[in-house]
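Q: Protein chains in written order, with the numbering used here: chain A, 1 to 151; chain B, 1 to 520.
There is no bait here: all hints are sound.
Ranges between beta-carbon positions, derived for each pair:
1) A:93 - B:307: 50 to 58 Å
2) B:119 - A:139: 28 to 36 Å
3) A:47 - B:26: 48 to 56 Å
The hints are simulated quantities; they were obtained by calculation from the structure and are not laboratory data.
From the three backbone atoms N, C-alpha and C, an ideal C-beta is built for every residue, glycine too.
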Amino acid sequence: MYKEICSKYAPTKDNLIYILHEIQDAEPQHYISKEAVLAVSDYLKLPENHIYGVMTFYSMYSTTPRGKHIIRLCESPPCYIKGSENILRKLGIILGVEVGETTKDGMFTLELCACLGVCGNAPVMMINEDVYGDLSEEKVEEIIESIRGRQ
Amino acid sequence: MKYYRSHILIGINETSIAAGVQGFILALRKELGKVGLSDEINLLETGPLGFFGKGICLTVYPENIHYENVKIEDVQELVEEHFLKGRPVPRLILEASSKFQPQFNYKKRIVLRNSGLIDPESIDAYLGTGGYEAWEKALLNMQPQQIVEEVKASGLRGRGGAGFPVGLKWSFTAPLEAKQKYVVVNADEGEPGTFKDRLIMEGDPHQLLEGTMICARAIGATKAYIYIRGEYKLCIMRLQKAIDQCRAYGIIGENIFDSGFDLDIEIKIGAGAYVCGEETALIESLEGNRGHPRWKPPFPGVKGLWQAPTVVNNVETLANVPYIIANGADEFKKHGTPECSGTKVYTILGDVAYPGLCEVDMGTPLRTIINDYAGGMKKGFKFKAALVGGAAGVILSDRLLDVNMDLVSLDEYSAVLGSGAILVMNEHQSIVDILWSILRFFRHESCGQCAPCKNGTQLLYRLINKIKKGEGTMDDVDMMITVAETMQYTSFCALGQSPIMAVRSAIENFRDEFIAITKE
Numbered sequence: 001m002y003k004e005i006c007s008k009y010a011p012t013k014d015n016l017i018y019i020l021h022e023i024q025d026a027e028p029q030h031y032i033s034k035e036a037v038l039a040v041s042d043y044l045k046l047p048e049n050h051i052y053g054v055m056t057f058y059s060m061y062s063t064t065p066r067g068k069h070i071i072r073l074c075e076s077p078p079c080y081i082k083g084s085e086n087i088l089r090k091l092g093i094i095l096g097v098e099v100g101e102t103t104k105d106g107m108f109t110l111e112l113c114a115c116l117g118v119c120g121n122a123p124v125m126m127i128n129e130d131v132y133g134d135l136s137e138e139k140v141e142e143i144i145e146s147i148r149g150r151q
Numbered sequence: 001m002k003y004y005r006s007h008i009l010i011g012i013n014e015t016s017i018a019a020g021v022q023g024f025i026l027a028l029r030k031e032l033g034k035v036g037l038s039d040e041i042n043l044l045e046t047g048p049l050g051f052f053g054k055g056i057c058l059t060v061y062p063e064n065i066h067y068e069n070v071k072i073e074d075v076q077e078l079v080e081e082h083f084l085k086g087r088p089v090p091r092l093i094l095e096a097s098s099k100f101q102p103q104f105n106y107k108k109r110i111v112l113r114n115s116g117l118i119d120p121e122s123i124d125a126y127l128g129t130g131g132y133e134a135w136e137k138a139l140l141n142m143q144p145q146q147i148v149e150e151v152k153a154s155g156l157r158g159r160g161g162a163g164f165p166v167g168l169k170w171s172f173t174a175p176l177e178a179k180q181k182y183v184v185v186n187a188d189e190g191e192p193g194t195f196k197d198r199l200i201m202e203g204d205p206h207q208l209l210e211g212t213m214i215c216a217r218a219i220g221a222t223k224a225y226i227y228i229r230g231e232y233k234l235c236i237m238r239l240q241k242a243i244d245q246c247r248a249y250g251i252i253g254e255n256i257f258d259s260g261f262d263l264d265i266e267i268k269i270g271a272g273a274y275v276c277g278e279e280t281a282l283i284e285s286l287e288g289n290r291g292h293p294r295w296k297p298p299f300p301g302v303k304g305l306w307q308a309p310t311v312v313n314n315v316e317t318l319a320n321v322p323y324i325i326a327n328g329a330d331e332f333k334k335h336g337t338p339e340c341s342g343t344k345v346y347t348i349l350g351d352v353a354y355p356g357l358c359e360v361d362m363g364t365p366l367r368t369i370i371n372d373y374a375g376g377m378k379k380g381f382k383f384k385a386a387l388v389g390g391a392a393g394v395i396l397s398d399r400l401l402d403v404n405m406d407l408v409s410l411d412e413y414s415a416v417l418g419s420g421a422i423l424v425m426n427e428h429q430s431i432v433d434i435l436w437s438i439l440r441f442f443r444h445e446s447c448g449q450c451a452p453c454k455n456g457t458q459l460l461y462r463l464i465n466k467i468k469k470g471e472g473t474m475d476d477v478d479m480m481i482t483v484a485e486t487m488q489y490t491s492f493c494a495l496g497q498s499p500i501m502a503v504r505s506a507i508e509n510f511r512d513e514f515i516a517i518t519k520e
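Full structure from sequences and hints, please.
A: What follows is the structure, encoded as structure tokens:
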């Protein structure tokens, strides 16, 4: 799989970020494995430490397996003053995890992130590709339940 | 051209998509068809409408009625009452629109002149507003030197935060002899509370492309990159569509309009790092590295992307350029103040009656912006402070409500205009709390390359945490100023040099609050 993804891009360093994005998206557990790093290193002729350096610098990449749905709650000032802390507490209770952890069933990973640029609807979170705004404790519960129900 | 009795503008953005706007549009089309109105009523999917309503929002012209939080269940009633019988549905009308309408003052707009009025996914709609005429003029009737001079004469300054004169920036790169030069559009908007660039790109992507093209021509670049953050899915989709349309129309590509000039534009996606908004960190990221800022000089204008001369400009900055070229520098200078011409796009948030997006002349005081464009304070709340410019901005007290908001006037009060975010706070909100949130942000976003910033942001967070818990002393409070000041003088890039602004303004303007929360 890794080789296939790599071969879509020219073997130049500036494509590293795109290759990593695509590998992570293709991985059901939303992370970049050691094997993936070795494959990319081989393809781009870059040392593994450069790849690890880049992966750990940007907040969108993970080196450890994550849940099927990644919840990224904004913790920047505009969401903070609209009560993002309460939303975080509520999410922690519903999911039974702390920030950075994944639920036992592998469904959700709870993360915090910086401003998502949807501040007009603060507080805001993203679950995978989707944005959820104007969050309240009740609304968060509904959202999580509806995702669980979809399975 | 087809004549319509009414136009329904539907705002397609991240929130309305989450609320199911696509299904809503299908239902609305179907319902209009059912009652035989398809030929009379035009349904237009557009960008931001200029107000932040909840859920799905609509604007209906010529009645000029704004609806918010409209649901699929409301479609039948809406069509029957409003479009068939001509009676708007009061329960869905945006409360703000009944009281005041200054947000919708399109006459004074430059950057947002088309936003919310045309279909952003149609190049023909943009061409219909006079789009790409400036590009044609710049390419066929002007020499690169003339373009640079015109932009210089306009007095346009960078809208990303630093406010560097744009024409001057271009004039460093334009005369250089190089095999390859680049234009890089900085669309890595990450300043908390700022999302004007997202709305500019969602609402009118072609205007940004046109500005980028003119810049490329002025400095002699044949390749342009738009570096955009990965979260802005809708912007990426619309920009890509716009670029493809331009290629198909021959507006970019090889030998454009038989001028002998080649240009290609490509989108590059970021991976989540605030520091990549710094131009040299952005260039590092484009090259596939960690986003560590570079030592300056040499400046990117001389040695940038892959060591080639590169001009990096913010989205809003470039979106101003087509207007300047089309109408001339003098017309542009009619907006704003003598030292600071043009307009500024703001996003007003927090405890105002109607949070929203607005474009006003440079130099408009904060009080006017809040009262005339956001409907004043939310009912029952009093103004206490405003965080202007995001995390790298300042916390202003009511003392500065009447200061003109432009780069020069604010500088006199050691304040900055920053990126255009205005976060208004009411009298119940704690300044210590907001400062804590800002410093937590910096601690997370410091790239770790230079010691003053890496250690300083940690230390500032530890101090404010202690103060927030009620365990700090006034010595700790003053220590924060010392630390932030040291960072200002010794940090490698603007990130480490920024916390001083929030720290100093919070402590100086609201010292009583710090005294109240600290121990003897």
